[in-house]
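Using the sequences provided together with the hints, build the complete structure.
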Amino acid sequence: MLGFRLERAPAPLWLRGFIPILAILVTFVLVSVLILAAGANPLDTFYQLLILPLTKATSRAEILVKATPLLLTGVAVAFAFASGYYNIGAEGQLYAGATVAAFLGTQLEGVSPLLAIPVMILGGFIAGALWALPSAILKVRLGVDEVVTTLLLNSVMIFFASALLNGPWRDPISNWPQSPTIAASAQFPQLFARTRIHFGFVLAILAVAALWWVFARTRFGLDVRAAGLGSEAARFMGVRVGRVMLLAALISGGVAGVAGVSEVAGTQLHLIEGISPGYGYTAIIIATLGGLTAPGVALAALFLALVDVGILSASRELGIPTYLGEIIQAMLLLVTLALLLLNRYRLRRARA
Amino acid sequence: MSVMQPVVMMQGIVKRFGALVASDHVDLDILPNEIHALLGENGAGKTTLMKILYGLYQPDEGHIVIGGQPARLASPAAAIAHGIGFVSQHFSLVPTLTVAENIVLGYEGGALLDRAAMIASVTDTEQRYGFRVDPNALVRNLSVGQQQRVEILKALYRDCRVLILDEPTAVLTPQDAESLFETLRDLQQKHLSVIIITHKLEEVMAISQRVTVLRQGRVVGRVNTAETSPPQLANLMVGRNTVIVTRNLDHQISPEVALTVDGLRASDRRGVAALRGVTFHVHAGEVVGIAGVAGNGQSELVRILNGMQVPEGGSVVVSGKPVTLGDPRALSRARVGRIPEDRLKGVVGDLNVTHNLTLERIDDYTRAGHLDHKSMRETAERLIHEYQIKAKPYDLARTLSGGNMQKIILARTLSQRPVVVIAAQPTRGLDVGATEYVHQKLLEQKERGAGVLLISEDLDEIMILSDRILVIYEGAIVGEFSAANATVEAIGLLMAGSTARQQTVEALS
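For the protein sequence lines, the chains are A and B, in the order given.
In case it helps, my numbering puts the first sequence at residues 1 to 352.
In case it helps, my numbering puts the second sequence at residues 353 to 861.
Here are the computed lysine to any residue pairs in the SDA-like style, where the Cα-Cα straight-line distance is at most 20 Å:
no.	chain 1	residue 1	chain 2	residue 2
1	A	K56	A	E317
2	B	K552	B	S581
3	B	K793	B	A636
4	B	K726	A	R217
5	B	K726	A	A216
6	A	K56	A	R316
7	B	K697	A	G242
8	B	K726	A	W212
9	B	K744	A	A216
10	B	K552	B	E534
11	B	K552	B	T577
12	A	K56	A	L318
13	B	K726	A	R219
14	B	K542	B	I432
15	B	K552	B	Q527
16	B	K552	B	T839
17	B	K542	B	F483
18	B	K697	B	I714
19	B	K726	A	F220
20	B	K697	A	L229
21	B	K742	B	L752
Rather than coming from a laboratory, the hints here were simulated on the basis of the structure.
Shown next as structure tokens:
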């Protein structure tokens with residue numbers, strides 16, 4: 001009789017690199033069932049979803065537009081996670097940045113863009129960091145679980161923005177809940193003619209590069225990784241774990257805030273409800289799938305942006321519901337987490 | 353005896369973990385009513401072999417015969433059904449449940465718990481084997497020795513015929529160990545076979561009828577205890593004559609005090625007083641050993657001296673200057689070399705060897721916030737060479753053996769020429785070679801003029817290395833011996849909490 005059993009032992013190192021790819025494959029097998037239930041052919045769907053968008057210039061540009069907030073929030077979340085601080089609040093921090101950008105954007109009429117744009121970015125960073133601050137202090141000082149507090153603060157900020165939009169900021173002419181359009185000088189320039197790719201994408205690339213540089217080259221990056229990989233041992237060796245975690249949390253919030261600035265100044269040009277369809281949550285998938293590394297985050301963000309864009313055409317062509325895209329993303333997170341868990345075990349053949 | 357059919361036969365057992373062969377074609381037979389010692393260094397494959405017998409691991413090759421029938425032990429449940437019982441070093445008892453509840457747990461039967469029947473069946477088991485443990489006592493109120501007894505009862509309740517004990521005396525005082533041996537002899541009278549895993553020669557001699565010696569996963573000897581001697585067993589075990597570390601007897605202890613600990617008070621994680629005013633000092637060039645049974649405040653003392661815990665009172669002075677407690681960096685600056693109790697709390701397993709060797713002194717490798725990877729690598733290469741660490745600079749620390757991980761900590765710590773070394777359980781879980789290496793390094797530090805504080809549960813280690821021995825019991829230093837007048841018996845009595853008052857009475861009478 002042949003059987004298999006799991007033993008608790010770290011999986012071989014080579015397997016770790018394959019986890020994201022394996023996760024994607026498993027997810028698509030699982031999603032195939034749903035696609036069949038929706039009455040479409042899985043292979044056609046995956047072609048529409050993953051291949052077709054790459055063949056058209058407009059879709060390729062759209063992927064980069066979508067990837068911009070995902071890269072920024074992905075970097076934000078990955079940085080906090082690497083320090084052992086589980087920031088689930090990137091969504092709220094993004095809204096904080098977006099709200100401040102919507103306000104600053106209307107105040108910068110006539111100012112040179114060379115000044116206005118840095119002010120927007122800095123303002124959004126500070127807003128995001130400040131929104132991350134209470135949870136970070138509670139965590140470091142009192143040990144309050146940051147997963148809960150950051151998650152709860154998301155709703156507070158989203159509803160605060162909503163209150164502004166339905167109150168003082170409501171458009172007086174259309175009566176629509178949207179803030180006044182920001183000044184031209186505060187708007188991010190387009191990078192290429194006839195595409196929506198904007199300066200925010202440059203910021204996103206810089207954020208990914210910075211993530212790589214901090215981890216690879218700097219003392220602070222080593223402190224962050226040591227704190228995240230073994231906080232007791234790190235403290236033993238003199239790393240100020242609390243301080244490092246607090247800084248990582250604030251930087252994470254700040255970068256998520258910049259993602260909000262980028263959405264306001266680069267695509268919408270004003271604040272609206274639902275300016276983020278959950279980028280801050282998708283970022284958790286990206287950070288996890290990307291293994292908290294800069295190249296991983298970049299690939300994962302581009303892949304999820306591809307799914308986001310592809311689902312629209314797949315839906316149009318094959319009549320499947322668009323929320324299948326969200327299901328794919330959510331499933332990807334669950335499968336990745338399950339595989340990371342299995343990573344701690346080894347499959348052995350039990351002999352008769 | 354030779355015509356008796358073995359109750360357990362393990363034949364040609366092979367177990368591999370990756371490249372490591374933990375069991376290499378091991379044969380073992382256990383006779384009825386015998387106490388069989390499984391002797392070997394740490395890492396010799398004793399526990400692995402027994403985990404196979406208990407169904408926790410599956411062998412890659414070989415087979416097991418129990419009571420004359422081939423047995424396939426796919427799980428501990430299957431092993432229990434075959435009459436195998438296992439008492440591990442780490443008890444699996446629920447502290448908030450009673451003795452009877454712990455024993456019956458998982459074997460209640462039926463949907464409703466019949467408390468009276470449960471107590472009756474437990475009491476019945478106790479009477480059959482001559483145990484006296486109150487079935488209604490809460491496990492958390494029991495001493496370690498009593499808890500071990502409950503573990504044994506648990507196995508007996510499940511009708512075990514072969515009882516495996518994994519290093520049963522590691523957590524016991526010498527007196528508790530003696531009474532455990534009494535129990536085991538009783539069980540033997542009641543037709544049980546006992547396998548006792550140990551690396552202590554005296555125990556083998558005291559309790560067993562036969563002994564199987566393992567080395568590097570292979571059986572290197574099987575002898576009747578009556579026909580062997582500790583030196584012969586030691587030779588089999590380590591494959592050469594044990595080298596006892598040589599001490600420089602001419603070495604002079606300096607009158608200068610390197611470390612003063614004054615009136616330390618602290619609570620453990622449950623808020624119970626763990627240190628009740630601990631005061632002592634260590635001279636430069638002296639090794640002071642702190643002996644005690646685990647859980648008498650050693651962990652808290654170590655954590656405070658490592659800067660990982662803030663005491664509720666008291667002070668620590670290093671070469672004349674008071675040290676800020678609760679800050680590992682302050683101790684590092686005061687040149688206190690720290691070897692933590694749990695080496696996994698001293699290295700970050702998922703960082704590489706270079707990072708683990710340099711993180712404590714990372715300021716030396718930082719230029720304007722950036723790491724000087726080149727000089728970090730040079731330091732790592734130098735220390736790897738100097739301390740014979742079997743690793744490459746960019747290997748992850750967790751891929752290293754316990755001995756090499758400990759060498760990382762030693763290298764990082766001792767290369768800074770500390771004035772005080774706090775060595776907590778420095779050889780726990782290490783093999784003979786690595787243990788010897790650590791001992792030699794600690795003695796080098798002392799000869800260099802550092803004050804060495806050795807906190808260890810291994811009394812032999814304390815006796816071998818220390819110039820002065822302090823005994824800790826319930827968070828207080830209850831005795832002091834110079835190396836010359838220390839005896840295992842006297843220290844054992846104090847470790848067991850034979851009160852100072854009794855000692856004084858004896859002294860006066």
